[in-house]
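As you go down the protein sequences, you meet chains A and B in turn.
Numbering of the first sequence is given in this note's numbering, commencing with residue 5 and proceeding in unit increments.
Numbering of the second sequence is given in this note's numbering, commencing with residue 3 and proceeding in unit increments.
Just to be clear, a hint being listed does not mean it is correct.
Straight-line alpha carbon distances no greater than 30 Å define the calculated DSS-like cross-link-like pairs of lysine-lysine that follow [as the list claims (entries may be wrong)]:
#, chain 1, residue 1, chain 2, residue 2
1, A, 261, A, 365
2, B, 28, A, 166
3, A, 166, A, 156
4, B, 28, A, 365
5, A, 203, B, 34
6, A, 239, A, 261
7, B, 28, A, 203
8, A, 26, B, 59
9, A, 261, B, 28
10, A, 139, A, 83
11, A, 239, A, 325
12, A, 139, A, 81
13, A, 325, A, 365
14, A, 40, A, 59
15, A, 264, A, 166
16, B, 34, A, 239
17, A, 166, A, 61
18, A, 365, A, 308
19, A, 139, A, 40
20, A, 156, A, 139
21, A, 239, B, 66
22, A, 107, A, 81
23, A, 156, A, 59
24, A, 261, A, 139
25, A, 61, A, 26
26, A, 203, A, 156
27, B, 28, A, 239
28, A, 61, B, 59
29, A, 365, A, 239
30, A, 239, B, 59
31, A, 81, A, 40
32, A, 264, B, 28
33, A, 166, A, 59
34, A, 203, A, 264
35, A, 81, A, 61
36, A, 61, A, 107
37, A, 26, B, 66
Because the hints were derived from the structure by calculation, they are not lab data.
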Amino acid sequence: MSRVVVLGAGVSGHTAASFARKWLGRDHEVVVVSPKPTYNWIPSNIWVGVGLLPKRKVVFELAPTYRRAGITFHQAKAKTLRPDGTNGDPRPFVTIEHTGGAKAGQSEDLHYDYLINATGPRLNFDATDGLGPTKGNSLSVCTEDHAEEAAKHFQEKIERMKRGERQRFVVGTGHGTCTCQGAAFEYIVNLEFELRHHKVRDLADIVWISNEYELGDFGMGGMHIRRGGYITPSKIFTESLFAERGLDWITRAHVAKVEKGRVHYRNLEGEEHETPFDFAMLLPPFSGVGLAAQDANGDDITSKVFAPNGFMKVDANYEAKPYEEWLAADWPRTYQNPDYRNLFAVGIAFAPPHPISRPRKAPDGTPIFPTPPRTGMPSAMIGKAVARNVVGMIRGADGPHHTASMAEMGAACVASAGANPFAGTAASMTVFPIVPDFETYPEYGRDIDNTFGEIGLAGHWIKILLHHLFLYKARMNPLWHLIPE
Amino acid sequence: MESRSEYRPETQGVPSTAQTRAHLSKSFYATKPTGGTTFFRTFLPYQIWRFIWINLKMIRIIGKSHR
Ligand SMILES: Cc1cc2nc3c(=O)[nH]c(=O)nc-3n(C[C@H](O)[C@H](O)[C@H](O)COP(=O)(O)OP(=O)(O)OC[C@H]3O[C@@H](n4cnc5c(N)ncnc54)[C@H](O)[C@@H]3O)c2cc1C
Numbered sequence: 005m006s007r008v009v010v011l012g013a014g015v016s017g018h019t020a021a022s023f024a025r026k027w028l029g030r031d032h033e034v035v036v037v038s039p040k041p042t043y044n045w046i047p048s049n050i051w052v053g054v055g056l057l058p059k060r061k062v063v064f065e066l067a068p069t070y071r072r073a074g075i076t077f078h079q080a081k082a083k084t085l086r087p088d089g090t091n092g093d094p095r096p097f098v099t100i101e102h103t104g105g106a107k108a109g110q111s112e113d114l115h116y117d118y119l120i121n122a123t124g125p126r127l128n129f130d131a132t133d134g135l136g137p138t139k140g141n142s143l144s145v146c147t148e149d150h151a152e153e154a155a156k157h158f159q160e161k162i163e164r165m166k167r168g169e170r171q172r173f174v175v176g177t178g179h180g181t182c183t184c185q186g187a188a189f190e191y192i193v194n195l196e197f198e199l200r201h202h203k204v205r206d207l208a209d210i211v212w213i214s215n216e217y218e219l220g221d222f223g224m225g226g227m228h229i230r231r232g233g234y235i236t237p238s239k240i241f242t243e244s245l246f247a248e249r250g251l252d253w254i255t256r257a258h259v260a261k262v263e264k265g266r267v268h269y270r271n272l273e274g275e276e277h278e279t280p281f282d283f284a285m286l287l288p289p290f291s292g293v294g295l296a297a298q299d300a301n302g303d304d305i306t307s308k309v310f311a312p313n314g315f316m317k318v319d320a321n322y323e324a325k326p327y328e329e330w331l332a333a334d335w336p337r338t339y340q341n342p343d344y345r346n347l348f349a350v351g352i353a354f355a356p357p358h359p360i361s362r363p364r365k366a367p368d369g370t371p372i373f374p375t376p377p378r379t380g381m382p383s384a385m386i387g388k389a390v391a392r393n394v395v396g397m398i399r400g401a402d403g404p405h406h407t408a409s410m411a412e413m414g415a416a417c418v419a420s421a422g423a424n425p426f427a428g429t430a431a432s433m434t435v436f437p438i439v440p441d442f443e444t445y446p447e448y449g450r451d452i453d454n455t456f457g458e459i460g461l462a463g464h465w466i467k468i469l470l471h472h473l474f475l476y477k478a479r480m481n482p483l484w485h486l487i488p489e
Numbered sequence: 003m004e005s006r007s008e009y010r011p012e013t014q015g016v017p018s019t020a021q022t023r024a025h026l027s028k029s030f031y032a033t034k035p036t037g038g039t040t041f042f043r044t045f046l047p048y049q050i051w052r053f054i055w056i057n058l059k060m061i062r063i064i065g066k067s068h069r
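Extracted from the complex, chain B is given alone in its bound form (with noise of 0.2 Å):
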């Protein structure tokens, strides 16, 4: 069996439609990002910030695991 039939199986009988195939998709219920966090993603003025923020985090990290 193909694995896109295996956990659809209620697509049998269903007449395929854009609101069927939506609600049969497993995507359909998963958080997606809206425009403006793609966008702040690649941002560059933001993402240099975060690039500062994430290094300190990391090193506070390895800072506390040494022992």
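Excised from the complex, chain A in its bound form (with noise of 0.2 Å):
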């Protein structure tokens, strides 16, 4: 019998841990550690963040899924990795940290015959002073209790609205080294919707701020679009659309610190500013989140396993080496940590060989560019490849055979614009590859033909469908499996 341990049940994780056990016998035993007692379908957080969801409609226990599944599910942290096991044991294990039930608190070494890391990104708040909901002045969306209590500060604000006040909202990325961009354009197209459905919009001021060299580089470099006999970058795009809902935009900035009602941000020219809000959600920079290694005399080893970023190393190629001198090859294949054979990393756990967008300091070393983004096909593809590599080798194959490079699959994303079932809007974009590949596609990194986006209702039906398939597929109801990652 064998052990498969799943650290993380979100979409990676939870993705990697439904396909093992469908695929491995019940002579098996696959086993996920995950410290919250639920699963969120964090895409939709956007749509709690701007008060159109109840936080309910974007999460469910995973106890009971794990339960009619056949999975062994812990709610507790992962803390420490012991690949080589103990002196006197050498069998790998992970200890844990209990973080629900009867044995809350209790530290625990689970055993594993084969480890997949998909334990997401540290919400790194403290990188800026004064970031965040819980110690800071501005709002998130990142979780589904963060998204809720932006709802209740955006109700308050159009309440302030409605009795004439003028309100400033400032949306975007609180620090140089941000990505996900793609969830905080999400936000500041819905908030400027959703203040004109309830006709405040006159009263608004909307401001969007990010580390993005261009507007449209969502940390992917930007993409190209053949489109009205043109093959046009995504900045003239998003500056469209920006421009269109009257929303002003300030990139190349490193948010420095968030004071009450004040943003200070420095600008690649060197040049400090700031900018005042009313309302302000602002994403936080991604690290690991913080798992440590020991080798069999409790020695650490912690950077051998994890880069410094805390995300896990696996099959990239990580020589340092200048932006010119990037490659797609450099991106990993299998997600098979170098050193231990039965140990994995996927989405946002593993360690990117470096960025996607170029880049760029300020005169003061002040990096200012977006780091790369793992959104949610890409994590769960990786998550399938893992599982099915992990499965095969528990039958005797000699290693992973089955890739997922970030350079050679695309990416199909629909980014919500409004949400109204007659009236709302939707960016459907699809990037092929996610990561450029100048080799194969030299004029733009990317085959333009797969590569496309266009913004329109359909978009938008699309994006209710994939909130009800994926909460359908994640829940492993029947026929889950037939739905696409």
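Build the complex from these two chains, which are given one at a time in their own frames, with help from the hints.
The structure is reproduced here in structure tokens:
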């Protein structure tokens, strides 16, 4: 009997665990460790954050789903990996700390034959003074609780506007190294749409602030689309949407401090500026969740297993080299740790070899550029490929043979731009590949025939469909595995 | 300094008219959709067709990405 332990029950971990369970016979065990009792369909947090959906519509309890599927669930937080076991017992294990139920607060050593790290990001609000909803002065939509709180503040601002008060909204990234610009983009356009719906748009100043060099970069170095007789960069489309919606924008900005009602930022020219707000939703930068690793003696080997940013090292080329020398082939294909063949990292938890967007620094050395996003579709596809490989290795394969490189796969993404069944819109996009490959596609780094984008009501219907389909799939309801990632 | 003034230093001493205000706004230089474009974004028959087309396009990308 083999035991597969999956750390994390987000998009990538839940996908990996579900498929591992489906493909492995019942004589093998699949275990999921996750600190929260619930699954959150994070993309729909945007609608929670503008008050369109209650929190309960984007989460469900994991325990009943896992019980039904035959997956062992520990509501716990992984702390330390021991891939060499101990001197007395070479079986690898992970030390977990229970966060719920009767064992809350207790530590346990969980042995594994294969471990899939899918712990996602730590929301690093501490990187910027005053950032974030807990200790700081800004809001977030990264978790369902953050989104619910943002919605409360948003509602309060709407009430003020209904009383005739002018309000200023600032939305974007809260640090020079943030990723996930797509989520902030969805939030700002949904917020604008809702203000129109509440008939108070004329009293709102709405400003985008981000670390992107140009609007529409989204951490992917932007993209080019064939449209209207031109091959046009995403900057043009994003600026167009912002201009149409009356949104102002500040780019190339590192938010250095968030005071009550005031964002301080530095730009690529090294200038210091500030901008006032009544409501600010600023995403934090991401880092690894802070897992440690020890060898058989108990000596620290964290830097051997994890990159300095806390994400786990996999089969990527981590050699430091300038932007001009980056290659599609630098990106991992199997997500296997180079030192431990039974250790994998999927979704946001794996360490990318380098960013996708061109790195830039302010004169004082402050980095101001997006770090690479790992959105839902690649996260799930990587989780599934790794599950397939682990199952194959349990059945005797000599190593992982299924690949899921972000430089070889495309992504489909639908960014909501306003939720209404007849008047709503969303930007539907596909890119191929996600990481530009300038060797294969010298002009734009991507296949222009498979990279497209358009905005319209159809996109909104697709977004609604995806919300229901992915929650259905995550609940592992009948035929869940037929729904693509 | 407030953000609006920082990227429009040329406002200093310029009389505020509709023309100067337009030219000093970033959105003046952005591509904007025509009435027809925005109409088709929510025009039901066209959007039903786009719904089918976009789904097919996305399925193709998903198929191309699975190995
Ligand atoms: C607001 C928002 C909107 C988004 N919208 C979209 C969208 O429209 N489309 C899209 O494709 N992508 C979207 N994304 C990105 C998408 O959510 C991520 O790509 C995806 O969640 C990444 O999956 P993951 O499994 O790597 O991480 P997560 O989904 O974050 O999951 C990580 C899991 O690990 C658990 N965990 C954390 N620490 C530990 C620990 N120590 N031990 C064990 N478990 C741990 C967490 O509780 C969680 O269950 C959005 C992101 C945000 C923030």
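Starting from residue 166 of chain A, check that the Cα of residue 59 of chain A is at most 30 Å away, please. holds, 25 Å
CA of residue 239 of chain A to CA of residue 325 of chain A, is that 30 Å or under? OK: residue 239 of chain A and residue 325 of chain A at ~27 Å, within 30 Å.
Given the hint that residue 203 of chain A pairs with residue 156 of chain A, does the C-alpha gap stay at or below 30 Å? holds, 18 Å
Assess, step by step, whether the Cα of residue 166 of chain A is no farther than 30 Å from the Cα of residue 156 of chain A, and give holds or violated. holds, 15 Å
Straight-line Cα separation of residue 107 of chain A and residue 81 of chain A no greater than 30 Å? holds, 12 Å
What's the verdict on residue 26 of chain A and residue 66 of chain B, does the C-alpha distance respect the 30 Å limit or exceed it? holds, 23 Å
Assess, step by step, whether the Cα of residue 365 of chain A is no farther than 30 Å from the Cα of residue 308 of chain A, and give holds or violated. holds, 28 Å
Agreement of residue 28 of chain B and residue 365 of chain A with the hint, judged by alpha carbon distance not exceeding 30 Å: Between residue 28 of chain B and residue 365 of chain A the Cα gap is close to 24 Å, so the pair holds against 30 Å.
Are the Cα atoms of residue 239 of chain A and residue 66 of chain B separated by 30 Å or less? holds, 26 Å
Taking only the CA atoms, is the gap from residue 139 of chain A to residue 83 of chain A under or equal to 30 Å? holds, 24 Å
Given hint residue 139 of chain A paired with residue 261 of chain A - CA-CA distance at most 30 Å: Roughly 13 Å between the alpha carbons, so the hint for residue 261 of chain A and residue 139 of chain A holds.
Holds or violated: residue 61 of chain A to residue 107 of chain A, with C-alpha atoms at most 30 Å apart: Status holds; Cα separation ~28 Å.
The structure is consistent with each of the numbered hints, conforming to all of them.
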